[in-house]
Structure formats: structure tokens, C-alpha cells
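From first to last, the protein sequence lines are chains A and B.
At position 46 of the first sequence the residue is numbered 48 (the numbering used here), and the sequence of numbers has no breaks.
At position 128 of the second sequence the residue is numbered 643 (the numbering used here), and the sequence of numbers has no breaks.
These are computed hints drawn from the structure, not numbers from a lab.
Every residue, glycine too, gets a C-beta built ideally from N, C-alpha and C.
Worth double-checking, as some hints may not be accurate.
[Unchecked claim] Mimicking DMTMM-like on lysine to aspartate or glutamate, the simulated pairs with C-alpha atoms at most 20 Å apart in a straight line are:
#: 1; chain 1: B; residue 1: K556; chain 2: A; residue 2: D141
#: 2; chain 1: B; residue 1: K591; chain 2: A; residue 2: D139
#: 3; chain 1: B; residue 1: K530; chain 2: A; residue 2: D252
#: 4; chain 1: B; residue 1: K659; chain 2: A; residue 2: D141
#: 5; chain 1: B; residue 1: K541; chain 2: A; residue 2: D250
[Said to hold, decoys possible] Ranges of calculated distance between the beta carbons of each label pair, as one might list FRET restraints:
#: 6; chain 1: B; residue 1: G626; chain 2: A; residue 2: P278; range: 23 to 33 Å
#: 7; chain 1: B; residue 1: D594; chain 2: A; residue 2: E257; range: 41 to 51 Å
#: 8; chain 1: B; residue 1: D594; chain 2: A; residue 2: S356; range: 33 to 43 Å
#: 9; chain 1: A; residue 1: P177; chain 2: B; residue 2: K591; range: 26 to 36 Å
#: 10; chain 1: B; residue 1: T722; chain 2: A; residue 2: L233; range: 48 to 58 Å
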Amino acid sequence: MTKKSPTASPYEFGINSFGDIAVKDDGALMNYAESLRLVIDEAVLADKLGIDAIGLGEHHRFEYSISSPDVVLAGIATRTKNIKLASAVTVLSSDDPVRVFERFSTIDALSNGRAQVILGRGSFTESFPLYGYELRDYDQLFEEKIDLFSKLLDEKPVTWSGELRASLTNADVFPKTESGHLATFVGVGGSPQSIVRAAAYGFPVMLAIIGGSPERFTPYAELYKRAANELGKPIYPLGMHSPGYIADTDEKAIEEAFPYFKTAMDRIGSTRGWSPMTREHFMSEVERGSMYVGSPETVAQKIVKAMKAIGVQRFDLVYGFGPVPATSRRRTIELFATKVIPRVRELLEEHKKS
Amino acid sequence: MTPAVQTIGILGAGKLGTTLAQLARKAGYEVYISGSGDPQKIALTIEVLVPGARAASSAEAARNADIVILALPLSKFRDLPVTQLSGKLVIDAMNYWWEVDGDRNDFITEGLPSSSAVQAFLHDSRVVKALNHMSYHDLYDEPKPRGAEGRKAIAIAGDNDSDTQTVATFVDSLGFDPLIIGTLHEGRKLEAGTNVFGADVPRAELTRLVAAQSE
Chain A
3 MTKKSPTASP YEFGINSFGD IAVKDDGALM NYAESLRLVI DEAVLADKLG
53 IDAIGLGEHH RFEYSISSPD VVLAGIATRT KNIKLASAVT VLSSDDPVRV
103 FERFSTIDAL SNGRAQVILG RGSFTESFPL YGYELRDYDQ LFEEKIDLFS
153 KLLDEKPVTW SGELRASLTN ADVFPKTESG HLATFVGVGG SPQSIVRAAA
203 YGFPVMLAII GGSPERFTPY AELYKRAANE LGKPIYPLGM HSPGYIADTD
253 EKAIEEAFPY FKTAMDRIGS TRGWSPMTRE HFMSEVERGS MYVGSPETVA
303 QKIVKAMKAI GVQRFDLVYG FGPVPATSRR RTIELFATKV IPRVRELLEE
353 HKKS
Chain B
516 MTPAVQTIGI LGAGKLGTTL AQLARKAGYE VYISGSGDPQ KIALTIEVLV
566 PGARAASSAE AARNADIVIL ALPLSKFRDL PVTQLSGKLV IDAMNYWWEV
616 DGDRNDFITE GLPSSSAVQA FLHDSRVVKA LNHMSYHDLY DEPKPRGAEG
666 RKAIAIAGDN DSDTQTVATF VDSLGFDPLI IGTLHEGRKL EAGTNVFGAD
716 VPRAELTRLV AAQSE
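Okay, chain A solo, but in the shape it has when bound (with noise of 0.2 Å):
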């Protein structure tokens, strides 16, 4: 984690995107080039507007440009000065950690130390059958090499033996850090024994809620403190990311959102089996789960709701969420930057002192 200043705001805002396949405003979709150079776009005017993080999904599927979000964030890292550059996540399972560890130590340098790695075991694995990763292997790839990953942290040479990667023995790998740390974090979409995990090494949690009511997540933060306490590992602030969209009313907010997050829900529910996304569910997510979907107001005292019950400092807005134009992307990060965000402090600062 980064060192604040005692008066800085003990509260973090993010923007993620999975770099969906956007739409021009002609209706056309765009092509995977130009979606990626969007994204490089809005993280720009992310940074003008001062938003505190954009983090990028790492997938391997038709609806997303973002296969190798350490290569966007490097062309982000050139263009900005102050947004914090993250993963989210970096499907550690099916990489190299030492891969992982030069790629985003490099980002580090480019962006004046405002990498971020956040590493997961990905709900998605395309990346196992193209990387010639067997999924037989999920649990053990990912216990593997957390385990390498967090010594490679120390910037020293590691010696490290596993049974699914080439054993270490004192070797040293570059480039070394300014700080001497690079920002670490876990990304955890709801498997207990994730946040056991995490604890255990000492890293920092990101919550992924996707779907649901976020208070389903309050014991986890609990699980995370108790487990870190037990094992005498650091206890860091909790993160949150989850999906949204925002316009100027709720209204016009939610009649545009609705196609989009169907088509984006649809697309993975076909390859898992579940049924389409109804009007209801929608509804369901937008007033009581984690879509979300509004007008500045709204948004933000749903947000503040979800801060408050789990209790985490971080809070990422997923946005762009299926095949949204970019002018309604660009709309999102805008009112998220210059409405929200403020509305959101301002309401957890009254929390504070009440």
C-alpha cells in the first residue's frame, strides 16, 4: 500500500474496465484496436478528473480487447501523472510470476511507482487451455505461485521449489523498484478460502461483487481481520469493485443500462449454462444487489450503503459494461469523477462523526 499523508482522505475511488467492445455513436462497434486506444483515453481523463485508480481485467474472450492489461497500463503510465495503474485482475494461475513481477515492476518505473498488481485466480479460464495450463491445476497453479510471487516481493533472490513451475534457486530479477515495494493486492470473488489466503501472505483484499446484495460480503471482512490477527500478518483496508453505469437520471440511467449489462451477462452466462438476465433480476441488482445503475445521487448512496456494511475504504466502478457507446462510457467516468466521488466522501465523512 501506499503511504498517505496523515490529512489525506483515508478513502480511494477507482474506475475498472474489462475492455468491453465499445460502440461509436454511429452504433457501430468498434474494433478490438480502437476499444483498446478508448481505454487509454478515458484513463487520461480519469487522471485529469483525479480519480484515484483505474484498474484492467485481464480476459481471453471475443467481447473484450483487454487480453494484456500490463501493456495497456504501460501506455497509460506515459500519459498520466496520478492515476494509481492496477490489474484486475492478473490471472496469476495461468501466468509467471516472475513474468508478472518484471511486466509490472517496469510499470512501476514508467509511472513514477503507481503499479498495482492485483492478482486472482480469475473467474474466467480461457487462459488455461491457450496457455497450456490444465484445469486439473487450478487450485495448486494458483497456491504455487502466490507462494513465489510473494517472495519475489522481497526483491531479493529467491529460492523457491513447487511441483507446476521451474524451481528458483537464488535468482534475481529486474527491475528492481524505486519504493522497494510494489503495490500487491489480492482479488477475491467470494471463496472463503481466498481471503484465508490472502491473509495468510499478508496482502491486501479486493472484493469483486458482481451480483447479489454486497451485505452478503460483511462477514468476509470480519474472516479476513480474524484470519490475519491469528496468523500475525498486517491487516490493510478492504477494496470493493462492482458494476455501473451512470447517467443524469435514474431513469434514462437504467433504460440504457439494461440492453447493455443483458447483452454482457447473456454473453457469459451462454458459456456457463445459466438462463438470460430478465428485466427482473436487473431490477433486482439495480435496487438491492451490486448493479450500479442511476444518477449521481442514487449511485453514490448505494455505494456509501456498500462501504458502510462490508467496510471497506476502496470502491471501483466497473463501467462500460457490455457494448455501451463511448460517449455513455465517457459519461459514466465524468459523473462518476465529478459527482459521486465527492457526494460519496462527503456522505461517509458525516458517517464519520456521527
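Since the structure of chain A is already known, use the hints to place chain B on it.
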């Protein structure tokens, strides 16, 4: 009348297993829950997430339970404690999920409903398919008292009327309307890839969705 169900054993301590354990505790059952290995590994998780439930080995959870719920990855079903599950009423809440399980043909004969494969393996258990089609976060959010407006339904498939009835009573006690749809083989209508899979709807709508899957 069979004796009242008091103790639930849940095999699997992931998202689904811990959610079902929470619901069972809220409904007043005694709950044993097991992970993939040493109970000590999940002890803290269970203590925090499901107060009052006991972390156990899968054999112990199976042995003590009136109803056992399978909530582990489907591809691991051959690791189940067959002996301890012998004679038991077993709810199969598992689904084929290729992202975790890999190729279905590696562990289930092509064309066979997954619960039928589980029943064939647990040859001395009474397997009923239920609690598989609703996502774990909807299971967590949706329980409502009997008769409440908009109460959601859970489909149940099994070969023995008294067993499906017992499961129906259990499902009702968790906060859902039970809907018995037919034999275990017909449980294929609830599998991934059907319009029932993912359904979080009241009984009338679930009945319609199941009927639309027919033959």
C-alpha cells in the same frame, strides 16, 4: 412419517456450501460442514461465516447428518465418502461448470444427467437433485417466510416420493417454495444450459420454465 430432520451435513465449504450452511443455521438445524481436507483448514472460516456450524471431515459430516448436501465441484464426486453416505438421503446441489471441472466427458458418461452419475457412484444412498439452479447469492438474498409475496421456488427431482417430500419440507424451512418436478433422471431439466439454470423465480414461473424443458 420419517423422523424429523435435525442435522444437515454439507460437503463443500466454498461459496455454495457456506451459503447453504448459513441458511440451514438460520432455519435452526444443526450443521456439519466439510472442506476438501483437514477440518482445521476451514475452522476459522466456518466460525466467522457460519457461527454455530461445526467444521468436520466429510466422513464425519456425512455420518452425523439426517440430510447430506453435496456442494463441491462436480468433477470431485468420486472423492465422496461412499461408506458414510450409505443409506443416507443426499441432496445433490452440484453443477457441471466447465471453468472448474474441465471436460465433462472426463468424469461423466456422455448424455447421462449429472445427478444420475452421482447416484450410480453413491449406489447405497438416496440421491435427490435440489438447490442447484439458483445462484448462491440469490440463495443468500431470497429466503422468505412461507406464504410471503414473491417467495422464490426451488426445483426438486428424485425417484422416491418420501425422499422428495422430505427435501421439499427442508427447502420450505430454508425459505423457498419447493417444486417437485419428477424423477432423478428428469433432474437434467435443471442442469446448466437449460432455461431453469440460474432461475430465481416464484413457483408458477419455475413450473412454466421446467415444463418448457420437456422432451
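The hints, checked one at a time:
{"no.": "1", "hint": "B:K556 <-> A:D141", "result": "holds (15 Å)"}
{"no.": "2", "hint": "B:K591 <-> A:D139", "result": "holds (13 Å)"}
{"no.": "3", "hint": "B:K530 <-> A:D252", "result": "violated (32 Å)"}
{"no.": "4", "hint": "B:K659 <-> A:D141", "result": "violated (35 Å)"}
{"no.": "5", "hint": "B:K541 <-> A:D250", "result": "violated (41 Å)"}
{"no.": "6", "hint": "B:G626 <-> A:P278: 23 to 33 Å", "result": "holds (25 Å)"}
{"no.": "7", "hint": "B:D594 <-> A:E257: 41 to 51 Å", "result": "holds (49 Å)"}
{"no.": "8", "hint": "B:D594 <-> A:S356: 33 to 43 Å", "result": "violated (52 Å)"}
{"no.": "9", "hint": "A:P177 <-> B:K591: 26 to 36 Å", "result": "violated (42 Å)"}
{"no.": "10", "hint": "B:T722 <-> A:L233: 48 to 58 Å", "result": "holds (49 Å)"}
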